[in-house]
Amino acid sequence: MDVLDPLLDPWRSGIGQRALAEAVLVAAICGALGFWVLSYELSYGAESLAHGLLPGLVLAALAGLPLLVGALGGVAAAAALVGLAARDERIDTDTATAVVVTGMLGLGALLALAPEAPPRLEELLFGNPLAATAGDLAAAAALVVVGGAALVALHRPLTAVALDPGGSSALGVRPTAVRLGLLLLLAAALAVAVEGLGNLLALAVLVAPAAAVQRHVRSPGRAIALAAAIAVAASIAGLYASHYLDIAAGAAIALALCATAALGSLMPRRAQRA
Amino acid sequence: MTAPLVEASGLAAGYGGPPAIRELDFAVEAGQSVAVLGPNGGGKTTLLRALLGELRPAAGSARVEGRPAYVAQSERTRLDFPVSAFDVALMGTLAAGRWWLPARRSERVAAARALERVGLAAVAGTPFGELSGGQRQRVLLARALVQEARVLLLDEPLAGVDRPSAEAIESLLGDLRGEGRALLVSTHDVEGARGFDRVLCLNRRQVAYGPPADCLRRTVLEQTYGSEIVVLEEDGRSLRAVAVQHHDH
Amino acid sequence: MVNASLSGPSIQTIIVLIILATVPDPFDLWQLPFARTAMAELLLLSVAAGLLGAWVVLRRRAFFSHAVGAATFPGLVVAAATGFSAPLAALAVSLAYAAGVVALGRRRPGRRAGADRDHLATALLLVAALAAGVVLASDVFTSGAGVDRLLFGTLLGLDRGDLVLAAVAVALVATATLALGRTWAALGFDREGAGTLPLPAGLADGLLLALIAVVAVAALPAVGALLTTALLIVPAATVRRFAPSIKTLLIAAPLLAASESLAALYLALWLDAPPGPALATLSAAIYLTAALARALRSPRRPTRGPMFPARESPLFISPGAGNIGSPGGRGDT
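Chains as they are written, first to last, in the working numbering: chain A, 8 to 281; chain B, 128 to 376; chain C, -10 to 322.
Next up, chain A with everything else stripped away, as it sits in the complex (with noise of 0.2 Å):
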């Protein structure tokens, strides 16, 4: 029973327990939608819109509302800021969204850091997984089933469109419907995964996965599959590190997981079938 003493102690506890929970059914998800984030180049509207939903978070907190809500508002009102801001033509989409994430991040910042009482800001940036309360872990659990369903369902319209969205609206997918999918899927993850992470590190279990297996498949099924085990892998590993280094749990995960993405970059890539 020694062994395998180190590799339970973590888990000994209720908040261990929901943190392991909340952090491997938020990698699972995450890190299979991460194969379409990566595919449809969503990475940066992905990252605008963590840094986005800050007032969100902080409203909800000073609201003593779940985050998950004010996430979820947050992300909704990024989304459509974002679009009013690139609306112009003389801006580029790279500029509009900059702007409008400086503002975001600014009122977050301003709400969160004025009033007598603020809220932890610190923890609404960079999360805090052994804060995993058992309602996080039902709405993880909720997007785990509904999100993966979504997955599974969508799966040959993300890939025709993936490849050729002219050739697949030909074929009778909707392009823009599947995009649509595919960013409230988004929004979903975003919210759910800034609990443990903060809005400014979620974007890792979303992208570092898909990142690290993208050159080494040959199938979307496959890196999907792939990308997910690698999520939960180095979630866990995070959680160890947290543990026995004592420092941030979601700042080591975060860090666990932008690793796997560097090593999946720097391996060389499977040698071709002839």
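Heads up, some of the hints might be wrong.
Unchecked claim - Quick look at which bits of chain A chain B covers, simulated, 3 or more residues with Cβ under 8 Å:
no. : stretch
1   : 134 to 146
2   : 226 to 235
As the list claims (entries may be wrong) - Residues from chain B that face chain A, not an exhaustive set, calculated with beta carbons under 7 Å:
no. : residue
3   : Ala157
4   : Glu181
5   : Arg194
6   : Pro195
7   : Arg205
8   : Phe208
9   : Leu221
10  : Ala222
11  : Trp227
Hints were generated in silico from the structure; no laboratory data involved. Glycine included, every Cβ here is placed at the ideal spot set by N, Cα and C.
Got chain A; can you put chains B and C on it based on the hints?
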């Protein structure tokens, strides 16, 4: 006489603002192939999009029998996306509906047969991005075959394609005509347009539509291409014309 | 006021008096020493960042500007904990980050700058930097080194050294604009066809990135690592919406930045918050108000036409636009 498979009547379409194309009036019967000629920016792609139903007509109407297949420039498809040639061909089955279910066995058989027909059965498992330009076009044609479309819209299918693939594609297009399908092929190859049943000359508006003999005349070509065309006359009768290409794609 | 109530001040008067009581005296901006310093700092930064911001917007380096500022966070944490010079640490990290971005860009020749793939790498690098900073701040150095202050700036803590750095930044940006302005403009318009330039294209662009790093570092004490774009991008983008000439942009952007800074400083005094968030909120609000006004005036959706592939639309939702289309332009995209 059966109705034409493709019909445009007073069609105008654009992207908001003044229409990019207007005064389109033509009909394509089953078994006919149409070469769409015109300068870059002249509206060839806009026409194809309007026929696909992606653009709503600003004026007039466009009618296509069934769901057309669209074979695009293969540069625009994602070459680093991890799908095999077989996977791409199989995508044609999405046209049958029920996209939320995995492909049935009969559909997989159809995809394999389509790949055979375009001569690519040997590379069915190869990643799409690793195929040559010509092979990719053939795979997209296989996808169109699986789709069982009666109308095929092709956007410069022979651009930058190697010789063996070009021959295979041309031969296949001939077969498809024989099967009673309708083909619209946008192309820069003015000379190649002679081999088509009809030619549609397009420069924001329909300049001409008719048999190649009528359309491939100096006056028509100059109206279509403006200064982009170089016309050489040989022995006073036959006309050799070369369109100057800009590589904007 | 003819029918003023006889029983005392009206409700309106009371409300106005309450508001006036809490609002700070504008002269405080000048009278309170820390406010004077903050004002001077922000004005200097407005000139530097406003000028440079014009180029950032013209050359589409918005994301880099945001990332390079935020990436300095771990350097700032180490500096705060060890007593090392914060600007030097930040400069080292930011220039290293800039070099990394350039190197990553070179690995893929011929790919459009700003393609999502590049964003991916820089975004993950940014996440790693922020995470590393948090670990260093709370667990390695356990000083609780005012993470909020490093990320969002300070109103009270600005000193002479910061002013000097800001002044240096102004000088550098002004010089660079005079020397490199035409080159940058030519490269932005048409990279391949730019012809013979006084400097090789790579060097000119590298200098632009380096300069962005320097200005971001100069802005860190006042606005914080996460909000350097409030000075660098938002004012210039707001001016750019009105499509002025480059010269007008170069004059108007610093002016707008300066006015917004003063207003933000006032707001910060009133709300007892750092000036960075106030400026970010205010400047973005002004931009979005202009955008809203324009949207209301011409409600028909301006499509981006067939030239923009879907991935260039914001979150690419625009229906119909760009399912089939060719990438446009030969300059920066």
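Evaluated hints:
no. : hint       : result
1   : 134 to 146 : violated (count 0)
2   : 226 to 235 : holds (count 4)
3   : Ala157     : violated, 19 Å
4   : Glu181     : holds, 6 Å
5   : Arg194     : holds, 6 Å
6   : Pro195     : holds, 6 Å
7   : Arg205     : holds, 6 Å
8   : Phe208     : holds, 5 Å
9   : Leu221     : holds, 5 Å
10  : Ala222     : holds, 5 Å
11  : Trp227     : holds, 4 Å
Hints 1, 3 from the earlier list are contradicted by this structure; the remaining hints agree with it.
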